[in-house]
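Asks: Dock chain H against the given chain L, drawing on the hints supplied.
Residue strings, one per chain:
Protein chains: 2
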Amino acid sequence: MAKYKDFYFSLYNSDKIKKDGACRWKTLYKKHEIIFMKKYQDILKKALTIVRPTPSQQKKLHSLSKKTLSLVKKEVKKVGGKAILAGSIVKDVWLPSKMEFDIFILFPPTFTEKKLENLGLKIGKKVITKLKGSFKIEYAEHPYVCGNIDGVDVDIVPCYEVKSTEELKSAVDRTPFHVKYIEKKLPLKLSNDVRLLKQFLNANEMYGADAKTQGFSGYACELLIIRYKSFINVLKAAVKWQPGEIIDIEKYYEKENYQRLRSIFKNQTLILIDPTDRKRNTTAALSAQNFFKFKKCAKEFLERPSIDFFLPKKWKPMTEEELIRKLIERKTELILITFSPPAVISDILWPQLRRFADRIQNILEETKYEFKVLRKDVYSNEKDLAVVLLEMEISRLPVIQKRIGPIVFDLDDSERFIKKYKDMAILGPYIENNYWVVEIKRHFLTAQEKLLDTLSKPLDILLAKGIPNYIAQELAKGFQIISETSKIADLIKKDEGFGIFLRKYFEEKNLA
Amino acid sequence: MAKYKDFYFSLYNSDKIKKDGACRWKTLYKKHEIIFMKKYQDILKKALTIVRPTPSQQKKLHSLSKKTLSLVKKEVKKVGGKAILAGSIVKDVWLPSKMEFDIFILFPPTFTEKKLENLGLKIGKKVITKLKGSFKIEYAEHPYVCGNIDGVDVDIVPCYEVKSTEELKSAVDRTPFHVKYIEKKLPLKLSNDVRLLKQFLNANEMYGADAKTQGFSGYACELLIIRYKSFINVLKAAVKWQPGEIIDIEKYYEKENYQRLRSIFKNQTLILIDPTDRKRNTTAALSAQNFFKFKKCAKEFLERPSIDFFLPKKWKPMTEEELIRKLIERKTELILITFSPPAVISDILWPQLRRFADRIQNILEETKYEFKVLRKDVYSNEKDLAVVLLEMEISRLPVIQKRIGPIVFDLDDSERFIKKYKDMAILGPYIENNYWVVEIKRHFLTAQEKLLDTLSKPLDILLAKGIPNYIAQELAKGFQIISETSKIADLIKKDEGFGIFLRKYFEEKNLA
Numbered sequence: 013m014a015k016y017k018d019f020y021f022s023l024y025n026s027d028k029i030k031k032d033g034a035c036r037w038k039t040l041y042k043k044h045e046i047i048f049m050k051k052y053q054d055i056l057k058k059a060l061t062i063v064r065p066t067p068s069q070q071k072k073l074h075s076l077s078k079k080t081l082s083l084v085k086k087e088v089k090k091v092g093g094k095a096i097l098a099g100s101i102v103k104d105v106w107l108p109s110k111m112e113f114d115i116f117i118l119f120p121p122t123f124t125e126k127k128l129e130n131l132g133l134k135i136g137k138k139v140i141t142k143l144k145g146s147f148k149i150e151y152a153e154h155p156y157v158c159g160n161i162d163g164v165d166v167d168i169v170p171c172y173e174v175k176s177t178e179e180l181k182s183a184v185d186r187t188p189f190h191v192k193y194i195e196k197k198l199p200l201k202l203s204n205d206v207r208l209l210k211q212f213l214n215a216n217e218m219y220g221a222d223a224k225t226q227g228f229s230g231y232a233c234e235l236l237i238i239r240y241k242s243f244i245n246v247l248k249a250a251v252k253w254q255p256g257e258i259i260d261i262e263k264y265y266e267k268e269n270y271q272r273l274r275s276i277f278k279n280q281t282l283i284l285i286d287p288t289d290r291k292r293n294t295t296a297a298l299s300a301q302n303f304f305k306f307k308k309c310a311k312e313f314l315e316r317p318s319i320d321f322f323l324p325k326k327w328k329p330m331t332e333e334e335l336i337r338k339l340i341e342r343k344t345e346l347i348l349i350t351f352s353p354p355a356v357i358s359d360i361l362w363p364q365l366r367r368f369a370d371r372i373q374n375i376l377e378e379t380k381y382e383f384k385v386l387r388k389d390v391y392s393n394e395k396d397l398a399v400v401l402l403e404m405e406i407s408r409l410p411v412i413q414k415r416i417g418p419i420v421f422d423l424d425d426s427e428r429f430i431k432k433y434k435d436m437a438i439l440g441p442y443i444e445n446n447y448w449v450v451e452i453k454r455h456f457l458t459a460q461e462k463l464l465d466t467l468s469k470p471l472d473i474l475l476a477k478g479i480p481n482y483i484a485q486e487l488a489k490g491f492q493i494i495s496e497t498s499k500i501a502d503l504i505k506k507d508e509g510f511g512i513f514l515r516k517y518f519e520e521k522n523l524a
Numbered sequence: 013m014a015k016y017k018d019f020y021f022s023l024y025n026s027d028k029i030k031k032d033g034a035c036r037w038k039t040l041y042k043k044h045e046i047i048f049m050k051k052y053q054d055i056l057k058k059a060l061t062i063v064r065p066t067p068s069q070q071k072k073l074h075s076l077s078k079k080t081l082s083l084v085k086k087e088v089k090k091v092g093g094k095a096i097l098a099g100s101i102v103k104d105v106w107l108p109s110k111m112e113f114d115i116f117i118l119f120p121p122t123f124t125e126k127k128l129e130n131l132g133l134k135i136g137k138k139v140i141t142k143l144k145g146s147f148k149i150e151y152a153e154h155p156y157v158c159g160n161i162d163g164v165d166v167d168i169v170p171c172y173e174v175k176s177t178e179e180l181k182s183a184v185d186r187t188p189f190h191v192k193y194i195e196k197k198l199p200l201k202l203s204n205d206v207r208l209l210k211q212f213l214n215a216n217e218m219y220g221a222d223a224k225t226q227g228f229s230g231y232a233c234e235l236l237i238i239r240y241k242s243f244i245n246v247l248k249a250a251v252k253w254q255p256g257e258i259i260d261i262e263k264y265y266e267k268e269n270y271q272r273l274r275s276i277f278k279n280q281t282l283i284l285i286d287p288t289d290r291k292r293n294t295t296a297a298l299s300a301q302n303f304f305k306f307k308k309c310a311k312e313f314l315e316r317p318s319i320d321f322f323l324p325k326k327w328k329p330m331t332e333e334e335l336i337r338k339l340i341e342r343k344t345e346l347i348l349i350t351f352s353p354p355a356v357i358s359d360i361l362w363p364q365l366r367r368f369a370d371r372i373q374n375i376l377e378e379t380k381y382e383f384k385v386l387r388k389d390v391y392s393n394e395k396d397l398a399v400v401l402l403e404m405e406i407s408r409l410p411v412i413q414k415r416i417g418p419i420v421f422d423l424d425d426s427e428r429f430i431k432k433y434k435d436m437a438i439l440g441p442y443i444e445n446n447y448w449v450v451e452i453k454r455h456f457l458t459a460q461e462k463l464l465d466t467l468s469k470p471l472d473i474l475l476a477k478g479i480p481n482y483i484a485q486e487l488a489k490g491f492q493i494i495s496e497t498s499k500i501a502d503l504i505k506k507d508e509g510f511g512i513f514l515r516k517y518f519e520e521k522n523l524a
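As given, the protein sequences belong to chains L and H, one line each in that order.
Numbered by this note's numbering, the letters in the first sequence go through residues 13 to 524 in order.
Numbered by this note's numbering, the letters in the second sequence go through residues 13 to 524 in order.
Isolated chain L (complex conformation) (with noise of 0.2 angstroms):
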């Protein structure tokens, strides 16, 4: 809106309007401002037609939830346990393309694991059964029941119910307390505003603490109304946002303890400070690149309101001809390294695909082989095709390769570089600046060719070269590299995800 202000204190400014005084461009201004909340509110009106459910849906829901609740409880009773209701409908803030709840079973500490694995996965296939709907085992940091209720996704999620987050087992003991937190603070009139948040940042891709995504989590959204009491107001409250932000709903920290906080907190733009764990920042999982996406797009809906800001993007894939323009116009040169992803669970997958990037960079670039990278990114669909781009700005060396060796005066590594260059010297040995040099043959001239050297190595040469266990296994199986525009337009055609992908690569870095 400040360009609004801006646009009227010009128009005060000139000599017309100066004639008609301050109070003229205040009443424009106020005027404004209200043609402003008005659009605001047709907007989010709008907005609110997305991300409400219906009636039929809101009973389907509740009648399924309820149902499997009291069922849940029934058995729990049996072996001294408790249930809860987990998840966006607590509180009513669930969006209606996600239709799905979560039933945490609490059991007493002095369970076992074993005890309480066994038992929690017994009630939960017991249950789904009984409502005729079909499960699979999943592992998060306990095995847990994840199944599907006439298109109702329901996870039973056995855990322990501790006396206070200081005595967590495990990271899913945290939820009945974060559902006890929320239904105290939220009220119920802000559920809609958490759902606008939640579909706000789902429709810009920044929707979900998981690695791939490295966003907000639900349980981040909920904070962020119980503290700024609703959804425009986490936005302009955004917009001021710096990194290092600390938000403190519950005041565990003096003002004064804030720079020790974010030394704590190292390298995280938002503190969130978890009200149930004051030693946990909620938001530790979203990325830099997030924080300052997160305060553009609230700083461009305050200033042009539009419904598009709830609706997903929609990408096109890029074209062959707009890649060889890019490139073009770039004079770089992409390597693609292919290969079929793992069959892991996608927060293994992506920090792998992400390290393994980083170590194939330095691979690149360490100073025997000099070659550069510009930018890289990874890509998975999850099921068929994973790909590490790199973009290159040095992909080509010449044929002569300098290695410089030791100062002339330390004679026994003198000895010993003379020794190991001397017979495979093109040139040299000679000095430069007291420095044995010799000039001997570069090994591998392109990228390419050192890329196929490095990965086409059995799994334990992969793995004691850094390469990510699973990824390795993967590589040795088999890989492709790709360079060549027409090759790389194949692969857009057999995966258009790959193309959007590519698309964002070239087009979606603007965060100032």
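Be aware that one or more of the hints could be misleading.
A pair holds if it fits inside one copy or across any two, identical chains being indistinguishable in the list.
Derived lysine-lysine pairs resembling DSS-like cross-links, with alpha carbons at most 30 angstroms apart [as the list claims (entries may be wrong)]:
| # | residue 1 | residue 2 |
| --- | --- | --- |
| 1 | Lys311 | Lys414 |
| 2 | Lys384 | Lys432 |
| 3 | Lys384 | Lys343 |
| 4 | Lys326 | Lys414 |
| 5 | Lys343 | Lys380 |
It is worth saying that the hints were derived from the structure and are not from the lab.
The model shown is predicted, which means the values in this text are computed figures rather than measured ones.
Replies: Using the frame of chain L, we list chain H on its own:
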């Protein structure tokens, strides 16, 4: 000779020889050593015909020097000074290719500098004129008269007669001390050994302590013969020299202090203590390259004695075809900066050329540009051509250039960075590892463009960029940047010396 020893030793170890016993091997080895000594004698005899002046040359130089000295002495007497012969004529160590002698006029230290210079020049001019020679005034630390009489170079140099080297007023005052020392310590019978050493160094381009050659002075040659007693012994010793070698003829230092001495004469490969001044290294100008080159030549001569070591090597200029082959082999790019050498003495020209080349490398390799020089060298015919040769490892870069900014937590710097690059950015600002990054269009895509821009500037800017003053003055008048092999070939046609320099650049580079 070691290799012959090895050869006989291997024979000795063979079964056949073992029967004959150790005695037989020793006899063989001794016999061989005798054969070898005979071979040295033959070669050195031949070499002496090159290095020893003919009787008529001897007569001419000695009579002229006597006559000149007596004339100078007569003039000097009137004003209260002395005169001595200096240079290679003392102790008869001059080469027939260099018919020359120096006369030093020694004035009392009470004379003002002005008076010394005026009297020195006046006497010099008068004497040379009387002998029907031509002369010009040259400038070392004082101006002096540089004459030529009947084809003989005669320098008449004024200096102060000080009591000891502790009281030197300038470097020329040192010469009388050197003359006295050599007169006293070099036996006449070793004159020809000095000549052999000088010619050996001369033929291999290591004779002269000037800034271009960076080799051994005549005085250093005389000292080496005094120390090792013969030419062959100097070579045998040199083979064993190690960087930081200390030769202390007058035993001024205890061996315990050698390490400290090396740290005083830091980065000097050969420390030949001046017997007339214990604080001075006579071979301070010797480059590390020439130190190792001398060791290598010595080793090769001892292993395979040949008259060739005393004959200047005949280099052929590189041909265009050879150059093309080299560049295809190496896959590098040659860039030449050519310009007129400034009209300054050689000892100023060469250090400035080398500093200029260093500066150019730094400018090309600044982070902003990121070109990379593999190797470089400088050439001048000291008349109308000076060249900086740059062999590029990376001479072309993509259009896209990445600028990495501050960490996002550094708010002020981040603001400045974003403000600076926001409009310039082709992509970004975005974030990588918590640092702001932008991609901008690179200004100079090739090293040639960058060079052209850097050097096409007025004199004051060139000087501000750290380009040595005399070179900067020439560049401001004009220069060329050449890269195409056909144009390099044209340059070779115009200047054969440059063609030879090019061949040496690619070929003469093995010091081990």
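Asks: Evaluate each hint against the coordinates.
Replies: Do the hints match the structure? See the list:
1. Lys311 <-> Lys414: between (52 angstroms within a copy, 27 angstroms between copies)
2. Lys384 <-> Lys432: Both ways: lysine 384 and lysine 432 sit 27 angstroms apart in one copy and 25 angstroms across, limit 30 angstroms.
3. Lys384 <-> Lys343: For lysine 384 and lysine 343, the Cα distance is within 30 angstroms both inside one copy (14 angstroms) and across copies (18 angstroms).
4. Lys326 <-> Lys414: between (50 angstroms within a copy, 29 angstroms between copies)
5. Lys343 <-> Lys380: both (24 angstroms within a copy, 17 angstroms between copies)
Violated hints: none; the structure is consistent with every hint.
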